[in-house]
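Please assemble the complex out of the two chains, which come individually in their own frames, going by the hints.
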Amino acid sequence: MNRIDAAAALAPRYDLVVIGAGPAGQSAAITAAALGITTLVVDENLAPGGQIHRGITTTPVTDRAVLGEDYWRGLPIAERFLASGADYAPAAKLFSLLPSGDEPGRHAEIELGVSIAGQARPVFAGQVIVATGAMERPFPIPGWTLPGVLTAGAAQIALKAHGLVPEGRVVLAGTGPLLLLVAAQLRAAGATIAAVLDTTPSANRAGAARHLLDFLRSPYLAKGLALLARARGGPRRIAGVTAMRAEGEDRLRAVTFTAGGGEQRIEADVLLLHQGVVPNTTISNAIGCDHHWDPLQFCWVPKRDSWLASSIEDVAIAGDGGGIAGADCAAESGTLAAIGAAHRLGRIDQATRDAMAAPVRAALEKLGRGRAFLDALYRPAEGFRIPAGNDTIICRCEEITAGQVRDAVAGGATGPNQLKAFLRCGMGPCQGRLCNLTVTEIVAAERGISPEQAGTYRLRPPFKPVTVAEIASLPQTNAAVKAVVRY
Amino acid sequence: MFRRLPDHNAETIRFTFDGAPLAARRGDTVAAALLANGIATCRATPAKGTARGPYCLMGVCFECLVTIDGTGNRQGCLVALEEGMRIETQAGARRAVAP
Ligand code: FES
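Protein chains in written order, with the UniProt record's numbering: chain A, 1 to 487; chain B, 1 to 99.
It should be emphasised that the hints constitute simulated quantities derived from the structure, not laboratory data.
Check before you lean on any hint, since a few could be wrong.
Stated by the list, open to error - Taking lysine to aspartate or glutamate pairs in the EDC-like style, the calculated list, with each CA pair at most 16 Å apart, reads: (1) A:Lys223 / A:Asp250; (2) B:Lys48 / A:Asp70; (3) A:Lys303 / A:Asp290; (4) B:Lys48 / A:Glu249; (5) B:Lys48 / A:Asp250; (6) A:Lys366 / A:Glu382; (7) B:Lys48 / A:Asp391; (8) A:Lys366 / A:Asp214; (9) A:Lys223 / A:Asp70; (10) A:Lys420 / A:Asp407; (11) A:Lys223 / A:Asp328; (12) A:Lys223 / A:Asp407.
Extracted from the complex, chain B is given alone in its bound form (with noise of 0.2 Å):
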């Protein structure tokens, strides 16, 4: 959904988005870094299920919350992004006890 422009001193981090491994830039938020990889949503609500993805991309709007490294309402657009994360889509609501 988003392209990068050329930046040649970019150390390159790898993660996984729904199992799938992916790249981005040192410096990208997670949010940033799914939309450089084409991913434009990122959630399902708790209240009808619909599609979501990041609107603000500066902390306001709850609508990149994502699952990372197993911890879950975690406000994509705000985390650094990190070698190794295991990000996941949000499908409804949290549960309370882990399954």
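For reference, chain A alone in the conformation it holds in the complex (with noise of 0.2 Å):
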């Protein structure tokens, strides 16, 4: 490997670029520098591991029963990753990514722009595996931008990364495995947690048990029954929450919720919220991919084909941002992305690109098992995806309402995107990441179409602000100019 601090330090071109160096993007570069492929990793984070091995090569928590063998399954993929011949630019960003094409003005290979330590540089590319994992699903209830609630996955990284500890009483609240797992770890790391509220729709078991068969069969069922064990003694956990709100003026100071029909308040200083990970199209959703929406998963889908190629040509998409699967899943994924790209780059005959990919297939066949099961089983409510209130903030940049988003649809916006001209929504710094699911079903509700039909924000480069100093730090080559001004 590597290591690349310095856009300067780039090569002008690579013939596979990963974005992303989580458990899919290492994987796609570890299968294809053992082809010989130039590859390069850019990914925004310090260190290799995503979100789901955060830190993995850094962590200071080194007692391994707190984080869990889970985690610890990351250390060998990081270090193979590490002893690959691959460039790796950790704290880069990926501010743009202009398809190939033969028409007038476009490079016939994709061109991205990158930006480390504030310098620029255009690279080009034969070949784009997107690796960008998931993100957690909006959790829009009133009280959730007060400062002191954050997600349970920015407390598990704030763990893994850093061996912090949230303060004082902290209290869990959502559905599904990844919002036990976070208050296990919590518990070992000897945080205070006053209550895990439990937003499960009791529902939900019904429509699981049809899946029974096939989780009992699969490895989630000893990872299951690991993690109940972990939570077994631990903190009070109240089912069956069916509304909730953060409470405090300028910071979190309690949380009240509804469960069995009454109305109770705890106070709180940490609220960590979790309703399960969704893909994060943000960057597939900008450079023109096709999407579908997932009517189980509740989110948006990149399309793609059994190379895990997206609808753009040359552009694959590996891991969780291509459908929620999970880390072992995704470190497989990234190697048959790699293993596709490479036969495209012409490096493999279609008999070794076959050969080489059947036994990733089979363990890809054998660690979906069991999925199914588990997102019947923690649905997310439809209160707590769609807010009934109106007056929950659902654009958190740009402070609006679920209420304003329903007069704008009653008053003709037809639409996500319309929503941005009416209401300034999903324009704010984050480019609608944190709304978008929730806006899309808002309009689907309020129009009575489905959330398909009723589509979302149209992205655009770049992906992340870039400051104007950045882009006169970019070489003045035509292309180069093009790479920022065709924006």
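And the structure:
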């Protein structure tokens, strides 16, 4: 591995650029580099691992029991990645990706805009693998913007990467295996967990039952049992929570919730929210990949072929960014995407490609079993995806409420893109990352159409804010100017 | 807001937040360093001026935006803390031209 800490150290061209250094991105790079493919991995984080194995090579939490064995499974991946022949640019910002094409003004290869330490460079690539992973589903409840309210994933990142444990009275709320895992990890690290508010709808159990057999034969069973064992004797768990709000003036003071018909209030210093993860589709959306609405996971998923190639030529999508399947599947899918890319690059013939892919496909098949059970069991409640109250903020950046969106739809806004013009909804710094799913579902519900028909924001580069100084640092070739100025 | 597990190999890094001298550990991001120092709020929104602090710690929510060494709109959860950094609260919108 050749670590790149300055934009000037980037090669002008790579056979393959991988975006993201989680299990999928690292596995793709390991496979590609072993085939002699010149590979660059661009990652926002300071160290490899993505979010699931965040800080795996640097964590100060050395007692392995605290984070658990699933976390430590990321270490051999990172070690193989760091020993690979790939170029690795951590703390790097990818702000543009211009698909290849033969029309005037387009380069024959994909052109990416990369910025490191305030300096930007264009990089050309024959193939790109987007491995940008998952993010937590938005959890729009009243007060979710108060300082002191974070995602459960954020607390997990703080623990993994920095050895930080939330102080005072900690309340966890939501649904899904990650919520239970974070509760167990925080408890092992010495946090005071005042309560776990479980929002899993009780009706989910019936829906999950038909997938039970698959689950019992899947690797998830052992994981689930281990997790339940860890959770035993844990903090007060309150089931059947149907409404919830975070309270406080300028920071969180308490959580008020409804369970079993009655309202209760608990004082809290930190509230950690979680109701599952969804693909982070910012880049796949912004470069024009086709997506469809997944009616079981309630999210947008990019369309991919059997080699994980997207609808945009020479761009594949590996890992949870292509559909939620977990870390083990992500690693396998990264390998599969790299094999497909190697073939498209003309580095391996079709027979070699298919032979290399066979064991990977078998592993993916096995690992994918049992997922449908978990999806059905931890289906997030409608009331926490589509706020019933009109005062709840849904676009955090621009502070737009569910009621404003409903009014705008009543006033003629037909979809998420019109809402931008009506309300500036989705136009703040996060560019709709934290509101696009909520907005799609509200529009669909108000208009009586499907989420697929309601559509989503059309995003555009830059994917991340860039300063004028960064753009000015680009070498002034025509291609480089176009990489930025086209948008 | 967050407390640190004992870490004996930690190298201490000094920085300032709104002028106050503070310390954190090498390997921290700016957002982690603020949380470890009990700082929950790091900006006020341009829309209505309400207080916000880090929410996702993974680069997607942009709630951790701060001014670092004079440059605004930096995502604190993605920037490695460095010795002597001058970190400031971001109140309201950025100005196009430095005052
Ligand atoms: S805390 Fe969400 S982007 Fe930094």
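- In ascending order, which of the hints set out earlier in this document are inconsistent with the structure? 1, 2, 6, 12
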